[in-house]
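Asker: The primary structure of each chain is shown beneath.
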Amino acid sequence: MYRDQPDRIRALVQEDRVHRDLYLSQELFELEQEHFFANTWTYLGHASQVPDAGDYLAQEIAGRPLMMVRQADGGIRVMFNRCAHKGSQLVSDSCGNTGKFFRCPYHAWSYKLDGSPLAIPIKTGYEGTRLKECESGRGLSLVPGVAVYRDFVFVRLSAQGPSFEDYFGEALRSIDNLVDRSPVGRLTLAGGAMRNIIHCNWKMYLENINDTVHPLSTHESATRAANALWAGKAPDAPKPMAMEQILPFGAGYEFFDNMGGRVLPHGHSVLGTRFSIHSNYARLGDYEEAMRAAHGEEKATQILTRSPQNSVLFPSLSVKGSPQAIRVIRPLAANRTLVEAWAFRAEGAPELLFERALSYNRLVFSPMSVVAHDDVHLFESMQKGLKAEGNEWVSLHRDHHPGDAEVAPQDVNGTSELLMRNQFRAWADFMTLRMGATA
Amino acid sequence: MTGVPSDLLLRETALCDFVAQEAALLDEGQYEQWLDLFTEDGRYWVPLLGRFQEDAHSHNSIAYEDRLLLQLRIQRLRDSRAHSQHPPSRCQHVLQISRVEDVDEEAGTAVLRTPFLYIEARGEEQVMLAGSYRHLLVRTPDGLRMQQKRVDLLGAERALPAVQLFI
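Taken in sequence, the protein lines are chains A and B.
For the first sequence, position 428 matches number 1452 in my numbering, and the numbering has no gaps at all.
For the second sequence, position 61 matches number 98 in my numbering, and the numbering has no gaps at all.
Derived by calculation from the structure, the hints in this document are not laboratory data.
Being a predicted model, the structure only gives us computed values, none of them experimental.
Even for Gly, the Cβ is constructed at its ideal location relative to N, Cα and C.
No false leads were slipped in.
Covered stretches of chain B (in silico footprint by chain A; criterion: 3 or more residues with CB under 8 Å from a CB of chain A, positions within the stretch not fixed):
#1 83-97
#2 105-115
#3 192-202
The whole structure should be built from the sequences, with the hints applied where relevant.
Answerer: Set out below in structure tokens:
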């Protein structure tokens, strides 16, 4: 229905609404794997996960098995986790150290850390054959697009497509804000990941990251319980970290509207440009002093006062500067998504900031989170509800003005659905980028 | 452990009964009574690395909750606007016989390890988890109480669907 039909695909995204097939169609999911994730830049992992030469991290992206490998010279390479011989995966642990080379467990073909061929048993058997001229004789296939930005590793699966800088542009400032929170500019991914399987389309999760109108009704039960437990406490009573993090979820529409947002080209966004639910965590004098020493007064203040709710590096990564946490969205099927929440330790910053990130991820992104339970329930509910007849469209009308998606960057109010329309517009663009001329 | 404790509360039967009763309260949805089984500084802990995790600070946990957070969880479950509880979740704890790992009569504490299967059902869906509990029990004037209930899941790091009640 949609293969080789870019016009049909583009017609699914109207200015103010999107068609349900974006969430429901397994055919579109397969085309996303083939086209969309070939054209876009996807977050793979963090360089701190492979600190030493020979360290690898295996990660499936858009159905392809990849691995990022720390080289002997300190660089990072990303290659496909597939033996050039018959296709076995070279590593089957999710991470580890391979030593000085990779050796396939099946027939002992081996490769250097950079993927080039090292040795093949019974070499004489290949004399006079075409092996050397074939892909199989050239070693491991490298991923065409790899970019390491301040230790964040991204890949683009296609050899063509937008350059890394052009693709992300201003959105990279959100990574800067996170990294600069370390006075020495170094982060380490630590403490493990909250890993969730959600039975919904990945775009549903991604648009929810920019949805400020849902907390009041979706999270009503969690915030009501938190407020009831905290009722009667003096306004200046010191809050336990968990309360400090959960109570702001109950903020009203006006709060969320006023926090402001910013849409960026290619689907990226910043939500909470003015302030957010993360703005009022207890301040830490010594740390702020260290930050001023590292960055100077003006820049330190700029870094520390900027705490957006979420910055989306479309389509795979959501960043919080405070708490120091990221979410990674991994589509598994049209109706199945893996979401991981990771925390960072910022070198030179107090351990309390790391604890904040752990605590936040546990409270809000754990499979046992009382906040996430209601989100997950509603995502899965929409995935079912959209099969209803009578209306094949999902409304994105809030604050729509004809042509408004043409302008990016653009500052918007915090409850504007332009933050989502901007994602879907980018989806249609990157989906059809190389599908050929329209009929 | 040497000899049979003179304190009846710390004898094997009493300790094992406590663990069985604790799970039964959860299966019956008697969360408030269940919460009363914790000491004031009691903790409910589901480490992300299961039994390999050393502490709750250097690595994250699926849950690490004091009484305040446990109370929050229970109050939310009782709220009619807890959307994810329509339909409601039910659970069944299937326990293997507890093994008493340690008893300190003087301190009035005991440690038990209890392998379990945990089944949580909701509507047409069912989640099954396996693992073992490590109960740290203390003697109080009101009887035995949990200082910590640690839930060591098998494969705690794998991606999980929502787990909404208490494992």
